[in-house]
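Assemble chain B onto chain A, guided by the hints.
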Amino acid sequence: MNAMTPPDDSRPTTPSERGAASHGLEPSLLLGPAKDPAIIVDHISKKFRIYDERNRSLKAAVMRGRRARFQEFQAVDDVSFEVERGTTFGLVGENGCGKSTTLKCITRTIRPETGTITVDGRMSALLELGAGFHPELSGRENVYLNASILGMRKREVDAKLDEIVEFAGLERFIDMPVKNYSSGMYVRLGFAVAINVNPDILLVDEVLAVGDEEFQRKCNEKFATFRDAGGTIVVVSHGLEVMRDICDHAVWLEHGRITASGTSGDVIDHYLDMVRSERIERARERIGDGAGASPNAATGTNIVRAEMLHADTRDPVESLTATEGFVLRVTFDAEAVGEDVRTNFGIYRDDGQRVGSFNSGWSAADGPLTTVEMVAPRCPLQPGTYAVNVAIHDHSMLQEFERIDKFARFEVLPSEDRHQSGMVDFSQIWRTA
Amino acid sequence: MTATARRRKRPDYPLELLWNLTLRELRGKYKRSILGWGWSLLNPLVQLAVYSAVFGILFKATPPPGDPSGIHAYSFWLVSGLLAWNFHLNGVMGAIGSLAGNGNLIRKVYFPRSILPFATSLSWLVSFAIEIAALILILAVFQTINLAVLPLVVVAAVLLMLFSLGLGLLVSAVNVYFRDIEYLTQIALQVWFFGTPIVYNEKLLTNPKTGLHYHLLGIDVLTIEKLNPMYHFTGLFRTLLYHQTWPTFGEIGVLVAFTATSLLVGSIVFRRIEPRMAEEL
Chain A
3 MNAMTPPDDS RPTTPSERGA ASHGLEPSLL LGPAKDPAII VDHISKKFRI
53 YDERNRSLKA AVMRGRRARF QEFQAVDDVS FEVERGTTFG LVGENGCGKS
103 TTLKCITRTI RPETGTITVD GRMSALLELG AGFHPELSGR ENVYLNASIL
153 GMRKREVDAK LDEIVEFAGL ERFIDMPVKN YSSGMYVRLG FAVAINVNPD
203 ILLVDEVLAV GDEEFQRKCN EKFATFRDAG GTIVVVSHGL EVMRDICDHA
253 VWLEHGRITA SGTSGDVIDH YLDMVRSERI ERARERIGDG AGASPNAATG
303 TNIVRAEMLH ADTRDPVESL TATEGFVLRV TFDAEAVGED VRTNFGIYRD
353 DGQRVGSFNS GWSAADGPLT TVEMVAPRCP LQPGTYAVNV AIHDHSMLQE
403 FERIDKFARF EVLPSEDRHQ SGMVDFSQIW RTA
Chain B
795 MTATARRRKR PDYPLELLWN LTLRELRGKY KRSILGWGWS LLNPLVQLAV
845 YSAVFGILFK ATPPPGDPSG IHAYSFWLVS GLLAWNFHLN GVMGAIGSLA
895 GNGNLIRKVY FPRSILPFAT SLSWLVSFAI EIAALILILA VFQTINLAVL
945 PLVVVAAVLL MLFSLGLGLL VSAVNVYFRD IEYLTQIALQ VWFFGTPIVY
995 NEKLLTNPKT GLHYHLLGID VLTIEKLNPM YHFTGLFRTL LYHQTWPTFG
1045 EIGVLVAFTA TSLLVGSIVF RRIEPRMAEE L
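Those sequence lines, one after another, are chains A and B. Counting in the working numbering, the first sequence runs from 3 upward without gaps. Counting in the working numbering, the second sequence runs from 795 upward without gaps.
So here's chain A without its partners, still in its complex pose (with noise of 0.2 Å):
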């Protein structure tokens, strides 16, 4: 384990080289002392307690003679890492791995029970936005409570009040009791309070898809105006493409532990790669044990058998490179629809976004069972996870007989030329021209 690090370098200087020098990282994925720290964490650790009965109360723990039975799970196990004044943090990692407990230790809600943690800045957090507003109080003085909580002087929010309900669209309802806000208008109000707090560091947990585009865009362009102003930002997410774009430097943990840390691109990638053997690994298992049942298959009423397979092995497929081709193919009943029938297929991303819809062009009838088939000699998609629809239609598309929605799942794996991100993957030639 440990032959990856430096032989000499056995008095480790910083707090990150130490952490990651003791789980045998890559040199590559070591992410070195910042030189203007924000924040410090120090060689942290967080054990939860897991309750084993539910029942907590006072008779059950006399009855006990002791409080109740609980066992320990390590939530976050001696991470370290510094922050660099001015960059972008990602937190990385899988539901569960203990990046929101990071983040939290960070706010300090939660203390860690070993390590220390070194802050140097006023924080914010976005994490639960509109914490503490008072239902019955108007929002315009939830505001201010709002803002003290987070660490704001009256005479502060006074100054900013406007900017805060100009930027959260509230002008007509500021004086209404927040319990009347739609659940749109509470978080936006939320986040335009904890926004505008004037913080040094923001923390930001998956919240960023508040509101509706417009309220979105703003985010998107206030966060960009931090960041330009020097702001720190320590982000959680396991949006893996999200984070590679917003973040400079990123920490990857699995089970309370850092496997990678360093530039983003770097850790995403990393991660990446160790998914991809681990499918490889479980697919080979699954041909091993000679499983027959595809996963990637489905059956309705007319439709007899939807499935997508490898475009040269004719085996399920559920994950591919974007160079790899696949079929996709239905076979269903045209006796029992009585007619002729055109397919379509549909991919979509899984945030449902619709990557393409695709359409037969003419229609078949071919006794009780006829197949169709649409062969994609590549899948140039961006690496991500996917879902494929089927439908039959008439042959004028007005009337649909079935469909079948995500009858597959399938994930575009990183080929090894990665230098691209966003939703399509041309093929591609660069030259000095």
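It is worth saying that the hints were derived from the structure and are not from the lab. The C-beta atom is built at its ideal place from N, Cα and C for all residues, glycine as well. One or more of the hints may lead you astray.
As the list claims (entries may be wrong) - Below, in silico cross-link-like pairs of lysine-lysine (DSSO-like), each with a Cα-Cα straight-line distance of 30 Å or less:
| id | chain 1 | residue 1 | chain 2 | residue 2 |
| --- | --- | --- | --- | --- |
| 1 | A | Lys-37 | A | Lys-181 |
| 2 | B | Lys-823 | B | Lys-1003 |
| 3 | A | Lys-181 | A | Lys-224 |
| 4 | B | Lys-823 | A | Lys-162 |
| 5 | A | Lys-224 | A | Lys-156 |
| 6 | B | Lys-823 | A | Lys-181 |
| 7 | B | Lys-823 | A | Lys-156 |
| 8 | B | Lys-997 | A | Lys-49 |
| 9 | A | Lys-181 | A | Lys-156 |
| 10 | B | Lys-902 | A | Lys-181 |
| 11 | B | Lys-902 | B | Lys-1020 |
| 12 | A | Lys-220 | B | Lys-997 |
| 13 | B | Lys-902 | A | Lys-156 |
| 14 | B | Lys-902 | A | Lys-162 |
| 15 | A | Lys-162 | A | Lys-220 |
| 16 | B | Lys-823 | B | Lys-854 |
| 17 | A | Lys-156 | A | Lys-220 |
| 18 | A | Lys-220 | A | Lys-181 |
| 19 | A | Lys-224 | A | Lys-162 |
| 20 | B | Lys-854 | A | Lys-224 |
| 21 | A | Lys-162 | A | Lys-181 |
| 22 | B | Lys-1020 | B | Lys-1003 |
| 23 | B | Lys-823 | B | Lys-902 |
| 24 | B | Lys-1003 | B | Lys-854 |
Said to hold, decoys possible - Here chain B is said to cover these stretches of chain A; the calculated rule only asks that three of the stretch's residues, wherever they fall, bring their Cβ under 8 Å from a Cβ of chain B:
| id | segment |
| --- | --- |
| 25 | 101-111 |
| 26 | 146-160 |
| 27 | 358-365 |
Same frame as chain A, but now just chain B:
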């Protein structure tokens, strides 16, 4: 290594937040009720009427005559003790509610948690001040009032608030772990209320035949009362508002000692539990 979260500039206790949370309590208290703050007075008035009818008229309870005020009316004797008790009750129960009811805030934002019970206590102090002001007004119109006691009424109110806050910190913190502390406290306060001579004259603690004090588990009940802080607090408010004279220094010393003990124990326990509140709530 110690589990601390250091900051280069350590903020002071956020007094402004304390003030804002107190305002939130006060503003939220009687919103959406027609009488609004009238409830703050109606509640003790009705309580006073009921106790006066039951104990003053049916049971013919006789209060000691006010010395030197000369007042001799059960209802005035009762109310000067009852208001103090209600303030205490509200302070303790309010502290429990302030943590249990603000779980969302505690889980998400950092601030010294003791602000929540503190703000609740302050908001009840305001209600108490209104009630006392009304009582003084009524005394001035229908009976008599010695204005020289007023500064000490203020001191006594703050002292009682701090005493209740200390107890409130203790039970509210333990209630985070054991939710039935809330119900237990309710029952305990009920027993405590009737165990304190508030609706009855403490002379009733003496057996009229033998002229000796009753005993509880072999202990003189008056000795028990001397150890009961609320016996002293209700007594203080009666001295000030019913008898309308100054208490002895000894009596004030006893109250300061009770308050200091309560605050000390309350804050030690609270501080121990505070770091885990966000997880346990």
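Going down the list of hints, with the structure as the test:
Between Lys-37 of chain A and Lys-181 of chain A the CA atoms are separated by roughly 46 Å; this puts the pair beyond 30 Å, and the hint is violated. For the hint linking Lys-823 of chain B to Lys-1003 of chain B, the alpha-carbon distance of about 50 Å lies beyond 30 Å, and the restraint is violated. For a cut-off of 30 Å, the pair hint linking Lys-181 of chain A to Lys-224 of chain A stands: about 27 Å separates their Cα positions. Restraint check: the Cα-Cα separation between Lys-823 of chain B and Lys-162 of chain A comes to about 28 Å, which is no more than 30 Å; the hinted pair holds.
Pair hint Lys-224 of chain A plus Lys-156 of chain A holds up; C-alpha atoms about 23 Å apart against a cutoff of 30 Å. Between the alpha carbons of Lys-823 of chain B and Lys-181 of chain A the distance comes to roughly 15 Å, so the proposed pair stays at or under 30 Å and holds. Our distance criterion of 30 Å between C-alpha atoms is met by Lys-823 of chain B and Lys-156 of chain A, whose separation comes to about 22 Å. Between Lys-997 of chain B and Lys-49 of chain A the CA atoms are separated by roughly 57 Å; this puts the pair beyond 30 Å, and the hint is violated.
For the given pair, Lys-181 of chain A sits about 23 Å from Lys-156 of chain A by alpha-carbon distance, which is consistent with the 30 Å threshold. Pair hint Lys-902 of chain B plus Lys-181 of chain A holds up; C-alpha atoms about 20 Å apart against a cutoff of 30 Å. A threshold of 30 Å between alpha carbons decides the hint, and for Lys-902 of chain B with Lys-1020 of chain B the separation of about 44 Å lies outside it, so the pair is violated. Proximity of Lys-220 of chain A to Lys-997 of chain B is assessed by CA-CA distance (about 73 Å); at most 30 Å being required, the pair is judged violated.
Using a Cα cut-off of 30 Å, the hinted pair Lys-902 of chain B and Lys-156 of chain A holds, with the two alpha carbons roughly 22 Å apart. Pair hint Lys-902 of chain B plus Lys-162 of chain A holds up; C-alpha atoms about 23 Å apart against a cutoff of 30 Å. Of the pairs offered as hints, the one joining Lys-162 of chain A and Lys-220 of chain A holds, with about 17 Å between alpha carbons and a cut-off of 30 Å not exceeded. The suggested pairing of Lys-823 of chain B with Lys-854 of chain B is violated, with an alpha-carbon distance near 36 Å, which exceeds 30 Å.
For the suggested pair Lys-156 of chain A and Lys-220 of chain A, the alpha carbons sit about 25 Å apart, so the restraint of at most 30 Å is met. Taking the CA atoms of Lys-220 of chain A and Lys-181 of chain A, the gap is about 24 Å. The hint holds against a cut of 30 Å. Distance check on the hinted pair: Lys-224 of chain A and Lys-162 of chain A sit about 15 Å apart at the alpha-carbon level, within 30 Å; holds. Distance restraint check for Lys-854 of chain B and Lys-224 of chain A: the Cα-Cα separation of roughly 73 Å exceeds the 30 Å cut-off, and the hinted pair is therefore not satisfied.
Between the alpha carbons of Lys-162 of chain A and Lys-181 of chain A the distance comes to roughly 23 Å, so the proposed pair stays at or under 30 Å and holds. Taking the CA atoms of Lys-1020 of chain B and Lys-1003 of chain B, the gap is about 23 Å. The hint holds against a cut of 30 Å. Restraint check for Lys-823 of chain B and Lys-902 of chain B: satisfied, since their Cα atoms lie roughly 24 Å apart, inside the 30 Å limit. This hinted pair checks out: Lys-1003 of chain B and Lys-854 of chain B have alpha carbons roughly 19 Å apart, not beyond 30 Å.
Given a C-beta distance limit of less than 8 Å, the hint that chain B covers the segment 101-111 of chain A holds, as 5 residues qualify and 3 suffice. Under the rule that three or more residues need a Cβ within less than 8 Å of chain B, the assignment of the segment 146-160 of chain A holds, with 8 such residues. Look at the segment 358-365 of chain A against chain B: 0 of its residues bring a Cβ nearer than 8 Å to a Cβ of that chain, fewer than three, so the hint is violated.
In this structure, the earlier hints numbered 1, 2, 8, 11, 12, 16, 20, 27 are contradicted, and the remaining ones agree with it.
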